[in-house]
Structures are given as structure tokens and as C-alpha cells.
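Colleague: All chains should be built: construct the whole structure from the sequences, respecting the hints.
Chains as they are written, first to last, in my numbering: chain A, 295 to 625; chain B, 295 to 625.
Quick caveat, the hints were computed from the structure, so don't treat them as lab data. Treat the numbers as computed from the prediction; the structure is a model and nothing was measured. One thing to keep in mind: the hints can contain errors.
Chain copies aren't distinguished; within one or between two, either way the pair holds.
Each computed DSS-like pair below joins lysine-lysine, with the alpha-carbon atoms no more than 27 Å apart [unchecked claim]:
1) K622 to K504
2) K504 to K558
3) K404 to K474
4) K367 to K474
Protein chains: 2
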Amino acid sequence: MGGDHGPGIVVPAALDAVGQDPSLKLILVGDETRVGGELDQHGGSRHPRLQVHHASQSIDMDEAPSQALRGKKDSSMRVAINLVRDQQAAACVSAGNTGALMAIARFVLKTLPGIDRPAICAQLPSTAGHVHMLDLGANVESDAEQLRQFAIMGSVLATVVDGLDRPRVGLLNIGEEEIKGNQCVKQAAKLLSECDINYVGFVEGDDIFKGTADVVVCDGFIGNIALKSCEGVAQMMGQFLREEFSRSLLTRLAGLLAMPILRKLRPRMDPREYNGASFVGLRGIVIKSHGGADRKAFLNAIAVARTEIEQQLPDRISASMTPILQHKEAV
Amino acid sequence: MGGDHGPGIVVPAALDAVGQDPSLKLILVGDETRVGGELDQHGGSRHPRLQVHHASQSIDMDEAPSQALRGKKDSSMRVAINLVRDQQAAACVSAGNTGALMAIARFVLKTLPGIDRPAICAQLPSTAGHVHMLDLGANVESDAEQLRQFAIMGSVLATVVDGLDRPRVGLLNIGEEEIKGNQCVKQAAKLLSECDINYVGFVEGDDIFKGTADVVVCDGFIGNIALKSCEGVAQMMGQFLREEFSRSLLTRLAGLLAMPILRKLRPRMDPREYNGASFVGLRGIVIKSHGGADRKAFLNAIAVARTEIEQQLPDRISASMTPILQHKEAV
Numbered sequence: 295m296g297g298d299h300g301p302g303i304v305v306p307a308a309l310d311a312v313g314q315d316p317s318l319k320l321i322l323v324g325d326e327t328r329v330g331g332e333l334d335q336h337g338g339s340r341h342p343r344l345q346v347h348h349a350s351q352s353i354d355m356d357e358a359p360s361q362a363l364r365g366k367k368d369s370s371m372r373v374a375i376n377l378v379r380d381q382q383a384a385a386c387v388s389a390g391n392t393g394a395l396m397a398i399a400r401f402v403l404k405t406l407p408g409i410d411r412p413a414i415c416a417q418l419p420s421t422a423g424h425v426h427m428l429d430l431g432a433n434v435e436s437d438a439e440q441l442r443q444f445a446i447m448g449s450v451l452a453t454v455v456d457g458l459d460r461p462r463v464g465l466l467n468i469g470e471e472e473i474k475g476n477q478c479v480k481q482a483a484k485l486l487s488e489c490d491i492n493y494v495g496f497v498e499g500d501d502i503f504k505g506t507a508d509v510v511v512c513d514g515f516i517g518n519i520a521l522k523s524c525e526g527v528a529q530m531m532g533q534f535l536r537e538e539f540s541r542s543l544l545t546r547l548a549g550l551l552a553m554p555i556l557r558k559l560r561p562r563m564d565p566r567e568y569n570g571a572s573f574v575g576l577r578g579i580v581i582k583s584h585g586g587a588d589r590k591a592f593l594n595a596i597a598v599a600r601t602e603i604e605q606q607l608p609d610r611i612s613a614s615m616t617p618i619l620q621h622k623e624a625v
Numbered sequence: 295m296g297g298d299h300g301p302g303i304v305v306p307a308a309l310d311a312v313g314q315d316p317s318l319k320l321i322l323v324g325d326e327t328r329v330g331g332e333l334d335q336h337g338g339s340r341h342p343r344l345q346v347h348h349a350s351q352s353i354d355m356d357e358a359p360s361q362a363l364r365g366k367k368d369s370s371m372r373v374a375i376n377l378v379r380d381q382q383a384a385a386c387v388s389a390g391n392t393g394a395l396m397a398i399a400r401f402v403l404k405t406l407p408g409i410d411r412p413a414i415c416a417q418l419p420s421t422a423g424h425v426h427m428l429d430l431g432a433n434v435e436s437d438a439e440q441l442r443q444f445a446i447m448g449s450v451l452a453t454v455v456d457g458l459d460r461p462r463v464g465l466l467n468i469g470e471e472e473i474k475g476n477q478c479v480k481q482a483a484k485l486l487s488e489c490d491i492n493y494v495g496f497v498e499g500d501d502i503f504k505g506t507a508d509v510v511v512c513d514g515f516i517g518n519i520a521l522k523s524c525e526g527v528a529q530m531m532g533q534f535l536r537e538e539f540s541r542s543l544l545t546r547l548a549g550l551l552a553m554p555i556l557r558k559l560r561p562r563m564d565p566r567e568y569n570g571a572s573f574v575g576l577r578g579i580v581i582k583s584h585g586g587a588d589r590k591a592f593l594n595a596i597a598v599a600r601t602e603i604e605q606q607l608p609d610r611i612s613a614s615m616t617p618i619l620q621h622k623e624a625v
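Modeller: Below is the structure:
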């Protein structure tokens, strides 16, 4: 049970989740004394749909994934993913070390047929609602074939999560013209246009937030940098707003009036509303909550897992990969 | 004389510039009838420090750079850059097609000794003031050696523009740890740490706006996507703000009070304040104004050119490359 806050956030969020959803059962994996203590504190120790599963180790937020994978066989993360592999759990939700979670999930669960590497897919706000973007950092380099796999997985995810029939899939590039971009995106564009997805062509950085596409595909290095850059700009704008409104008594007064309105902005931008990134391409469902997630945000990550379980995301991704695998075998 | 607005913006901005700076002389390159007409309209046709230089062609904003380079020998862009090559002008400022400007500048002016490829460097706002970032899209792929050249050029630029003694140079990556990132950034990190610059290590996307570094180095594909993604987020936040403030009579009233404060935000974020990206690495000074730049923004781009002329930027970049060239020759 990881993240910046550990059981102090995860346990109350779990109680909220089982309270809201009478069909949900949760297994809390972690140090049983700490988890039990949190459950006691929140009056949840006898909840019939909450079970505690002991794990003697935990993985630090800055621990090297390779070390976490090799050296900590009884970490809460490893034990939780083992439960998914053994079909004792339908999904794993974690706020812990992203790299370690990915390394362990990949090692224990393996990738789906036809998927070379899993990807991290998250929802981001857009003026049209939201957009699914992948890969956000599972891989530091991807070739055109992997970008095609990301595109198919993203398309399936948008279909099941948003109920879209043919989600529009865009490929992130530095221009919309076909002649632009590096070799990898040019090759990927060719592969995507031959795929059975609704490929809408290249999109640029600013298109992510314009609703130009329902799914934006890029390699993990670029996706991670773009995502963090955007977080940086939003934080800077927030800070500038606070500074301007606290300059004088008059601006503070105006701020008092404006605050309720500015606060309504929050749910439209709030990373908590979008918390719960999917590790797609694995033989199992793994959801990564932001390390700094609070109770509400973690609850959202559980809801994402719930949707993917109901919609049997891994099976549907598998089914979408079948034509490509058959084509490859035929060639 | 290009950009989305052409002489209608450039001519009045040029008049402002010579009005503000009694030592500045400007050559207005473009269709002499149109430019002359604009000058007449603004009462500037007899200004002693404004000269009109005719060019019979212009390059469209969406014209392919290769076509612009080969097919339009008398475009305003080509003529203006020829003036720089022939030392009749100390710098070229253009709001035209970025790709064409780069292709022509590279072809006509050539790169400085030791520089494989020029880069686009712009100032972006940060909570600490501003940051110089390069490459923002001159190149779609760069190797470690080119990233080193970008780092040196960015360091020189920050030194001359901001008067910094040892500007902090960061390398954009997906984590701050040395083990993270792709092969290219890892190799570049090694080269940068051996360079005579103040290399501060890897920075992440959100660091761009935190003032962690004075110069952020990345390849043009990533830089362009990060920049446009950030523009997209800022635009979305602006739109959300406007929407929330116009929901009801009450929010409109609050908006009236908040507007003067929100407006003060603008100069801190306004791309116009940061208008004028430098094409660094060329044997001459070329400044790219945003295509949609208004009079004030274009004036700023002229000021950037002015600073780089005074500080003899190309010569100083050349001087900084000398030790590396000598080292290479010695090896």
C-alpha cells in the first residue's frame, strides 16, 4: 500500500468505495497492523466486503524498479499483482512507485498476445470533455509497430470507458502535414491508416486539449514530457492567479468574490477527477493512482478499475489484436 | 514581409521601433507598393531611418520549405536573408513560414563552425521570470552531439540576453535520476557534464516553468510538442475561466471586478511578451516572430534582434565552440 500517504488515504478511500458500490469487494494488501489500525480508526474493521491481506515489504517511491522486482518478493505491490495473476482479484490499484508497478506487472502478468510492451494511458481534460493519451512513460522509446499497438489499445479503452463507437485516434506530431515529423511517426501513420480504427491523422500538442481526437498516441518519452510540461504550466497559472489576487486589500476582496467561480474551474482541470491511469496491454487490469492522490482521487482510481473489470478490457484488447496477429501469421 | 497580417502589422511595428530607438535603422523588405502604402498610411514614408527594399515574391504560410527555397529566389524572406549575408543588414526579423525561414537561412547563411544544425530558441515564462528553451522544432531528430551544441548555444544566449554569468543548463528528460531516459539523453548528459557550461542535470517537463534551469535543452520534436501542449493547456484554462465568469449575472459581476486582476496575469503569460524566437547556430542573426504577432509583439521581436546584434551573438557562439573544435582536431 504505497503512494505518498499510504494506508492513511487508501483505507478511507476503500471504505468509501465499498460504501458506494454494494457489489464491490476489496482486498487491502499491506502491513496488516498498519492497515488494520487504519480500518479500526475509520470504523471499518468488520466490513464484510473488505479483506486485509498481509505483505511484509513495501517499495519506496524512489526505489529502482529492477531492485523492487528482484529484491522484494513480498512487497504489497507484488502480492497484489500476484492476486490478479491467480484470479483472486480482478484488478490491482496502486498509488506506489510507477516504474516498479510497471516492472512487476509486466513480469508477473505478461503482455497480451500481439502486444510488445504495455503502455500507460490516462484521461486528460479537454475543452470537449476529456481525451485518452498514451503512452505516458511506460517506455522510453517506441517504434512504429508499438505506436500502432498503443493506438489499438487506446481505441478499445475509449470505446469501453466512454461508450464511443469509433473513437477518433490521432498521432502526436509536430505538424499536421504528412511530410512533417520523424521517420517513426511517419511509419506509424502508415500503419494506423491500414488499421481497423478511426485514425484521424496527425495532431499537434495543442490539439490534445481541443477535443480534436478522443485518443492521442505518442511514445512514452514524449508523452511523459508533454504531460509534465502541461502540469507545470497549469501550476504556474494557478500561482500567478493567487499572487495577483493577494496583491492588495482590493484585489483580495475581488478574490473573495471570484474564488467560488475559480473553484468551479477546479473539477474541470483537477487531476484528481482524472486520477487512475491504466496500464494497458497486460493480461490483467492494473490501475496507477497518482502518488499524491487524496481520498477522493484514490476513489476515482478504484472506479476506473471497476469499469475496466466490467468491460473486460484485456479480453477486448486481445480481440482487437487478433486480425493483426492473423495477418502477421499469413505473411 | 510575411506572417498572418503582413505589412499591416510589420510596418507600424517598424515605425514604433525606429521611434523608440534613435540608433536603429530598418530595411523593410517586401512588395514596395504595399509596403509604401502602409508607410504612407502611418505617416512614415519619409522616415530617414526606414528604407524600403523591393521583393517581387512572397512565401505562403503553408508552402513547403523546399519549394520556397528552390522556387522563390526573390521572396521577401530570401532577399532579407541575402542582405544579412551581404552585411547590408545586421539581422533579419520575419513573421513568415518558420520552416521556409529556417531552410533559407541555413542555405544562405550556413551554420557556424562546429554547429551541425541550427536550433530554434525561445523564451518562455516561468515562476522565476523566464527560461530559454531549445530546440523548439528546427530539427525532428537530434543526436547527443547536437544536443550538446544546443546546450552551448543556449548557454551563450542566456548569458548575453539576461547578463547571467553561468546560466544553469538542464537537459529535458522523463526523470531526474541518471538511470532514466533514452540512450540519446543519457549520452548527451555525459557530453554536457564534460562541457564548460553550468550543466545542472536532467529536468522534467514541469521544471521548465519552475525556474529550475535558465536554459532547457531538448530535441526539436519534443520541444515543439511540449511547447504546443503548454499553449493548449493555457488556452483551455483561459476558455474555462471565461466560461465560468459568464455563467450568470452574478458571475459576470464578479468577473467585472476580477478582470483587471486577471488582466495583470496577461503580461506574465502573454506570448507577445516573449515574441521573437532566435535561430541560433547560423552565421548571422535571424529572429522568427510568431505568425499571428500583433504590432507590440513584432516590436518585441525587433528588440530581440537588437540585443543579439549588440552582443554579437554568432561570434560569441563561435568562440564557445572553439575549445570543442580544437579538442576534436586533437583527437
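Colleague: Each hint: holds or not?
Modeller: Hints, one by one, checked against the model:
1. In the homo-oligomer, the alpha carbons of K622 and K504 never lie at most 27 Å apart, since the shortest distance is 36 Å inside one protomer and 47 Å across protomers.
2. Taking identical chains as interchangeable, the C-alpha atoms of K504 and K558 lie at most 27 Å apart whether they share a chain (20 Å) or sit on different chains (25 Å).
3. Taking CA atoms no more than 27 Å apart as the test, K404 paired with K474 passes between copies only; the shortest distance there is 23 Å, against 35 Å inside one copy.
4. Only between protomers do K367 and K474 lie at most 27 Å apart by alpha-carbon distance; the minimum there is 23 Å, versus 47 Å within a single protomer.
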